[in-house]
Amino acid sequence: MAKVAMVEAITQALAYELEHDPAVVVLGEDVGVNGGVFRATSGLQQRFGKQRVMDTPLAEALIAGMSIGMAAMGMKPVAEIQFSGFIYPAVDQMINHAGRLRTRTRGRLHVPMVLRAPSGGGIHAPEHHSESNEALFAHMPGIRTVMPSSPARAYGLLLAAIRDPDPVVFLEPTRLYRMNKQEVEDNGEALPLDTCFVLREGGDVTLVSWGAMIHETLQAAAKLAEQGVKCEVIDLATVSPIDFETILESVEKTGRLVIIHEAPKNCGVGAEIAATVAEKAIYSLKAPIERVTGYDIPMPLFKLEHDYMPSVERVMQGIRKALEA
Amino acid sequence: MAKVAMVEAITQALAYELEHDPAVVVLGEDVGVNGGVFRATSGLQQRFGKQRVMDTPLAEALIAGMSIGMAAMGMKPVAEIQFSGFIYPAVDQMINHAGRLRTRTRGRLHVPMVLRAPSGGGIHAPEHHSESNEALFAHMPGIRTVMPSSPARAYGLLLAAIRDPDPVVFLEPTRLYRMNKQEVEDNGEALPLDTCFVLREGGDVTLVSWGAMIHETLQAAAKLAEQGVKCEVIDLATVSPIDFETILESVEKTGRLVIIHEAPKNCGVGAEIAATVAEKAIYSLKAPIERVTGYDIPMPLFKLEHDYMPSVERVMQGIRKALEA
Amino acid sequence: MKTVASFEIKYQQHLDPEGHLTQKKLPKFAENRDELLKMYRMMSFVRVFDTKSIALQRTGQLGTYASCLGHEATHVGIGAAMQPEDAFFPMYREYGAQFWRGVKPHEVLLFWGGDERGNNFSGPQHDFAWAVPIATQFHHAAGAALAFKLRGEKRVAVSVIGDGGTSQGDFYESLNAAGAYQLPVVFVISNNQWAISVPLSAQTACATLAQKAIAGGIEGIQVDGNDIIAVRDIMEYALDKARTGKGPTLVEALTYRISDHTTADDATRYRDKHEVDDAKKKEPLIRIRKYLMDSGAWDQQQEDKLLAECAAQMDTEVQLYKDAGKPPVESMFDHMFANLPESLVAQRDAAVAEGQHHG
Amino acid sequence: MKTVASFEIKYQQHLDPEGHLTQKKLPKFAENRDELLKMYRMMSFVRVFDTKSIALQRTGQLGTYASCLGHEATHVGIGAAMQPEDAFFPMYREYGAQFWRGVKPHEVLLFWGGDERGNNFSGPQHDFAWAVPIATQFHHAAGAALAFKLRGEKRVAVSVIGDGGTSQGDFYESLNAAGAYQLPVVFVISNNQWAISVPLSAQTACATLAQKAIAGGIEGIQVDGNDIIAVRDIMEYALDKARTGKGPTLVEALTYRISDHTTADDATRYRDKHEVDDAKKKEPLIRIRKYLMDSGAWDQQQEDKLLAECAAQMDTEVQLYKDAGKPPVESMFDHMFANLPESLVAQRDAAVAEGQHHG
Ligand SMILES: Cc1ncc(C[n+]2csc(CCOP(=O)(O)OP(=O)(O)O)c2C)c(N)n1
Ligand SMILES: Cc1ncc(C[n+]2csc(CCOP(=O)(O)OP(=O)(O)O)c2C)c(N)n1
Ligand SMILES: [Mg+2]
Ligand SMILES: [Mg+2]
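Residue numbers (numbering that gives the first Met the number 0), protein chains in the order written: chain Y, 0 to 324; chain S, 0 to 324; chain L, 0 to 358; chain U, 0 to 358.
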């Protein structure tokens with residue numbers, strides 16, 4: 000089995016579903032002959048034709064809105080937004096329609112669509128190409144928000160997202176697109192949504208993260224292991240709705256929680272996790288919950304992007320603080 | 000001094016600034032001769048003319064984007080979005096430009112605009128007319144989000160918002176527009192932004208709320224006072240950035256915190272407050288922090304809206320839970 | 000400078016405000032009296048529905064309601080031209096089109112009465128519910144049309160927008176995409192001259208709204224929206240064109256909002272009485288009734304009978320609406336997702352308990 | 000059906016690809032050789048800048064960079080027609096216009112080099128920085144124009160968008176608002192035939208992009224965007240019109256993106272070599288150089304000297320860019336608000352400490 004990078008795993012998942020489900024179509028800006036600016040749809044139009052893999056006019060509200068219309072008519076559109084910093088024109092359609100159509104019609108219509116977007120920083124990109132905005136979608140009722148952190152999870156979760164009968168926002172960390180290749184069996188097996196993945200077990204402190212920051216988190220855990228600290232690392236994966244069961248179980252065991260995310264801190268997904276854990280497991284907590292996050296500023300241009308994004312060092316500091324308290 | 004309702008206090012603040020600052024203009028859908036669908040701009044066009052109080056074409060992205068252009072050229076636009084459920088097309092302009100222009104240009108340009116919108120439920124309105132979406136804006140760097148809860152605070156905070164050199168999203172609880180008239184001196188005195196207001200002092204439990212829910216919160220506090228429970232009630236007022244100093248001081252005193260908001264719970268502003276308090280004041284906490292909030296569903300049509308919105312009863316239950324823990 | 004492109008916008012009318020034919024040749028359907036009568040009956044019912052709904056609102060038995068007074072020809076004309084397998088994407092006042100397609104009047108009342116069950120209606124199951132956020136529905140129609148085209152189905156998506164709605168970006172994006180993909184879609188502008196208090200002249204510098212089609216590279220046609228014959232004629236033309244793969248059309252129906260914007264609005268604040276009086280003379284029922292009577296297809300006795308029937312039917316519908324009661328609390332949660340996540344199960348249970356608590 | 004509106008789109012060209020005049024009468028500025036030479040010099044510098052910037056990116060000394068190869072006439076034409084007090088709202092590749100207005104080349108390099116200080120530039124202080132989110136800048140231009148109009152200033156806002164950008168709702172909303180308010184604004188479409196990999200024919204069914212003006216009820220003109228004389232001519236016309244209160248214009252400049260979309264793109268994946276070769280024959284420098292040489296205003300010696308000067312100037316600018324170093328960590332925070340909130344002060348201090356920690 001060949002090792003694949005995350006972006007290839009995504010292409011494989013798309014190809015698998017295009018091949019096995021005639022209702023699936025891929026659409027977005029430059030997803031056709033160009034195969035997407037990150038090549039996530041590379042070769043798909045050539046293989047499945049222009050009826051299945053379609054370039055769209057340059058309009059994100061249109062991409063989301065047309066996907067809703069197609070989905071309600073029984074198709075399964077997998078739409079790409081070129082970068083998550085350009086997803087905002089689609090917000091209206093997502094919150095006012097994608098997340099509401101099923102409940103608005105009391106189940107008569109539903110929206111099996113996926114809105115994919117590369118997300119996050121660290122790739123030396125121009126302004127607006129490095130945004131982390133999962134919290135905006137997490138706050139929207141009726142929508143699932145998913146962020147994979149490895150090729151295998153990207154493959155399995157994307158399959159699940161496409162097959163799910165409800166809308167999923169699928170944010171792909173660009174920084175991981177070509178990192179850490181992995182063997183991924185292209186067998187069409189989906190991974191479960193609404194479930195965390197425990198990537199490393201340990202009894203001293205629980206680390207919850209998602210997307211690209213999983214890597215700084217795992218590195219920090221590995222470094223601390225050398226010093227005898229046993230971290231439990233949880234990949235949130237489905238950012239909303241959150242699988243609190245897994246997190247609470249871990250915190251009950253460790254008594255300490257550090258949440259790591261790249262997005263701004265204020266009202267981020269980390270806030271929800273901290274708030275819920277503080278509510279449900281306060282008596283298990285041996286220390287205040289730490290959040291190691293991006294700052295409450297826009298992602299700066301790239302000369303400073305590494306001063307914005309949590310480094311392994313910052314993650315370790317956060318963990319030490321939680322351990323020492 | 001005549002008593003005025005919140006909507007009149009808002010009109011007065013707008014009139015005051017229109018009169019005293021030639022840079023101020025009011026714009027939006029139906030704000031002109033019609034005076035806004037809630038009459039918040041009633042009489043202003045008649046008084047200040049069509050050059051100062053302007054109807055716009057029906058396009059929210061345009062309203063926000065033009066306001067940014069005007070503001071950067073030295074005007075102080077106060078734009079109205081007809082209902083906060085229709086604010087989403089403006090999200091792109093707010094997050095990608097209003098909140099970034101100053102830092103993008105390293106201070107060369109800035110955006111002294113206000114984006115006003117009626118917000119929240121309880122007025123028996125059609126779909127999309129009862130939304131609480133302050134958390135979306137709270138998560139956006141570079142933007143202040145303010146929600147008044149009384150005529151006097153609406154007057155003083157709106158003046159402050161208009162005078163502030165940076166963008167402010169000003170969400171007005173429709174449910175309060177005509178409730179609880181109050182004497183408000185039309186003296187042009189602004190209230191401070193970035194500051195909570197302590198509406199009721201008490202040592203047993205801290206209640207933090209904002210907007211319309213302040214009223215259920217105050218009612219709950221009053222009822223519990225009859226039973227000898229002393230609640231401290233804090234009006235958050237500036238929803239972002241949050242004045243944690245006031246909140247932490249109170250929690251250090253009471254040891255118990257209940258947060259009440261109408262918006263959905265998941266990643267709401269309540270999550271941020273709970274997370275930060277749990278981080279900074281965990282050793283003062285005598286009980287888990289309670290959140291009494293809307294559910295993670297869209298505001299239902301009005302037959303069920305009161306089953307969605309936290310009632311006085313639900314607030315009291317939340318407080319009792321915090322007290323009994 | 001040389002001219003590199005030129006465009007024309009055409010206008011269609013068959014019946015003038017006096018009920019006289021303005022063209023010699025009638026469209027085929029209009030030669031069939033039964034068909035004309037069927038449309039007239041529906042227009043009449045819609046008017047009764049409208050009057051009664053406003054009365055319900057005024058007496059506290061309905062929430063805010065958007066009247067369709069004056070739009071009957073546009074709405075019924077759209078509905079009558081469509082096939083059941085076509086898909087409809089309304090804004091919020093096209094009851095005439097919806098009733099024609101099988102939506103029940105009490106279902107419309109339920110919606111304005113604050114009850115989502117009204118959207119789980121008896122019309123075609125693929126039809127969309129109202130789109131309150133202005134112009135967003137055009138994208139859904141474009142997407143549905145794309146689905147039909149990709150699957151090779153001979154179905155057409157039809158959506159309606161107001162004159163105010165043509166200022167929204169979504170409107171233009173859809174027109175452009177419909178042109179680029181040559182979608183089987185018909186976009187209708189119900190140009191009733193006002194967007195709440197904003198008159199068309201303040202909304203745009205355009206002389207016609209049909210000309211906005213030029214920006215999408217598609218055909219735009221203006222039609223007398225108070226003339227049921229012209230509306231159905233042009234809609235049939237556009238639907239047939241779409242169905243046979245010849246691309247999208249933008250139809251501007253010229254009509255007038257005789258009522259307030261909604262029951263929450265008071266149009267006397269911003270609108271001249273004379274303008275409204277004038278519009279009342281050109282409204283759609285007068286002319287078709289006159290035409291039918293002049294041509295011997297209709298008389299006062301039939302008219303009286305029809306109105307009585309409409310009133311009776313409406314009474315039944317109002318009763319159905321009132322009998323619906325309050326939906327169960329859990330219904331707010333049950334249709335959020337196909338598979339309700341744990342956190343929502345917990346919230347649902349809490350809400351139900353709370354609901355029982357308060358009775 | 001009667002015709003109720005008709006429209007025409009005109010096209011302007013003075014210099015054909017061979018450098019021959021296509022019209023007898025030249026615009027006034029073009030009779031002034033010094034002015035033509037000034038524009039030519041700037042176009043030449045821009046090309047040197049472009050070549051060098053791509054080289055910097057290829058050697059890891061610059062981030063992703065958007066080339067302007069082939070757009071020099073459009074960009075310089077826009078800049079040359081504007082007044083300093085006018086306001087410019089660029090997209091992201093109009094260096095020619097920006098340099099003309101006083102932005103320094105090293106400031107542009109700073110931006111693409113990942114440094115916001117490039118946006119605190121030496122051009123007019125009211126000019127906007129790049130707008131990377133496509134089409135959003137049109138609203139800013141409309142707003143600025145509204146400010147100018149309300150204050151009675153004789154200033155014009157000018158914004159540029161790409162052919163792909165004309166599919167965005169914001170584009171149309173601005174055109175419509177500019178028409179409705181009769182704003183002093185000039186909107187320019189830099190139609191370089193491609194939006195990354197999407198050719199114009201897939202972007203829209205429109206034969207011209209200028210015709211999109213019709214949807215806003217404003218004038219639309221097409222111009223040969225590779226002809227510096229025609230671009231400046233039409234821009235002067237549109238600016239004068241706006242400045243004298245006669246309303247907005249949409250100018251479509253027909254040009255071609257000879258380069259990849261950006262240095263992150265590889266156009267050979269999706270674009271035919273022959274098309275590019277063909278475009279190279281029609282590019283803007285050849286024809287104006289030929290015209291100047293034919294008319295005796297320019298010779299090879301001057302050309303060689305100019306290129307040497309441009310190279311030297313560019314070296315200086317590159318050095319300034321490189322010397323800028325990394326901005327201080329606190330600069331990410333210091334311009335968030337006029338009055339930094341407490342929470343940000345704390346975050347700033349933490350970030351600075353962290354930065355020092357890592358050196
Ligand atoms: C996006 C959005 N903005 C604002 C509103 C509030 N609103 C409801 S109807 C209306 C006017 C619509 O006018 P028009 O499009 O002409 O349709 P009409 O009501 O006249 O049929 C407005 C502004 C809305 N529903 N959606
Ligand atoms: C809103 C938005 N969506 C997507 C992008 C990504 N993107 C950058 S440039 C581009 C193509 C632009 O094409 P065009 O408007 O023709 O301008 P050109 O680059 O050809 O000058 C795209 C899709 C963006 N910057 N903004
Ligand atoms: Mg209207
Ligand atoms: Mg282009």
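Hints were generated in silico from the structure; no laboratory data involved.
It should be emphasised that the depicted structure is a prediction, and the values quoted were computed from it without experimental measurement.
One thing to keep in mind: the hints can contain errors.
Calculated lysine-lysine pairs in the DSS-like style (CA-CA distance at most 30 Å, straight line) [said to hold, decoys possible]:
hint : chain 1 : residue 1 : chain 2 : residue 2
1    : S       : K320      : S       : K279
2    : U       : K153      : L       : K279
3    : L       : K24       : U       : K280
4    : S       : K252      : Y       : K285
5    : Y       : K252      : S       : K229
6    : Y       : K222      : Y       : K2
7    : Y       : K2        : Y       : K49
8    : Y       : K285      : S       : K2
#### Entry: Those earlier numbered hints the structure runs against, lowest number first
2, 3, 5 and 8
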